[in-house]
Amino acid sequence: MNDARSPLQTIAIYLGALLILVWSGGPFLWQFSTSFQLDKALTSGSPSLIPAPFTLEHYYNAFIEKQLHRYVWNSLVVSLATTFLCLFVGSLAAFALSRLNVKGRFGILMVILSVSMFPQIALVGPLYLVATSLGLLDTYTALIITYLALGLPLVTWVLFGYFETLPREIDEAARMDGVSVPGLLWHIILPMSLPSLVTTGLLAFITAWNEFLFALAFTSNIDRQTIPVGIANFTNLYYVPWGDIAAASAVVTVPLIVLVLFFQRHIIEGLTQGGIKE
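Offset between the sequence shown (1-based) and the working numbering: plus 5.
Derived from the structure by calculation, the hints contain no laboratory data.
No experiment lies behind these values; they were computed from the predicted model shown.
We treat Cβ as the ideally placed atom computed from N, Cα and C, and that holds for glycine.
No incorrect hints appear here.
Pairs of lysine to any residue residues, derived as SDA-like cross-links and limited to a Cα-Cα distance of at most 20 Å, are as follows:
1. 45 - 59
2. 45 - 60
3. 108 - 186
4. 45 - 35
5. 45 - 65
6. 45 - 244
7. 108 - 169
Ranges between beta-carbon positions, derived for each pair:
8. 21 - 180: 44 to 52 Å
9. 111 - 174: 19 to 27 Å
10. 241 - 45: 12 to 20 Å
11. 74 - 267: 18 to 26 Å
Using the sequences and the hints given, assemble the complete structure.
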């Protein structure tokens, strides 16, 4: 069978890829363009993709007047803490369910997965009462614990699927050499699972970085509010500063794009290898 593509198939593939790129990247391009345009240009009858004239006014407003950097710092603290805790707890859970003799492990996995199926709007009320009774409102702790509960099921499942692809002979060889169970995890399994750790870490980070509902409910001042809440606070009763919102959105979107592009090789490897078992 000849695997060579015909010119028509090649053109169709490249055309499809171009359409996906335009569909996915178009909103981001328009967002960045909006952040460099004057307010009067944004409200004109014929908006333009190319800023004319070019301005940095909206970035000045976002950082100086609305103190975007404080929201960014809060999101960075919460997202990094959530990511490391998800990887730490999730790797322990996935390792125990994959490599140890745990009875009913698939039932446990189903219970873990079912936790993530509850709608957030149904959880925010009870969790708010718990946070109030424990004095955790307007603290990083309330957000980190909540985001940990949201991200842990996905992290556990992805790591479990990847650990299942690693040969069992590795465990036997390590135990013959006197490696303990914790040593097997930290010195052998985790270094071999770097692509999966990168994938799950990015997913947990992005989930915490973009979360809005719980951050809105649990925080009420700029000292602990995260980026989504901060951008929502840009608006007032009579005016929506689209340029300032676009500038803030561009600032908080660029780091995610850079992370995904930088780790894309590990992301693809982690997602694909976790779906098969040798």
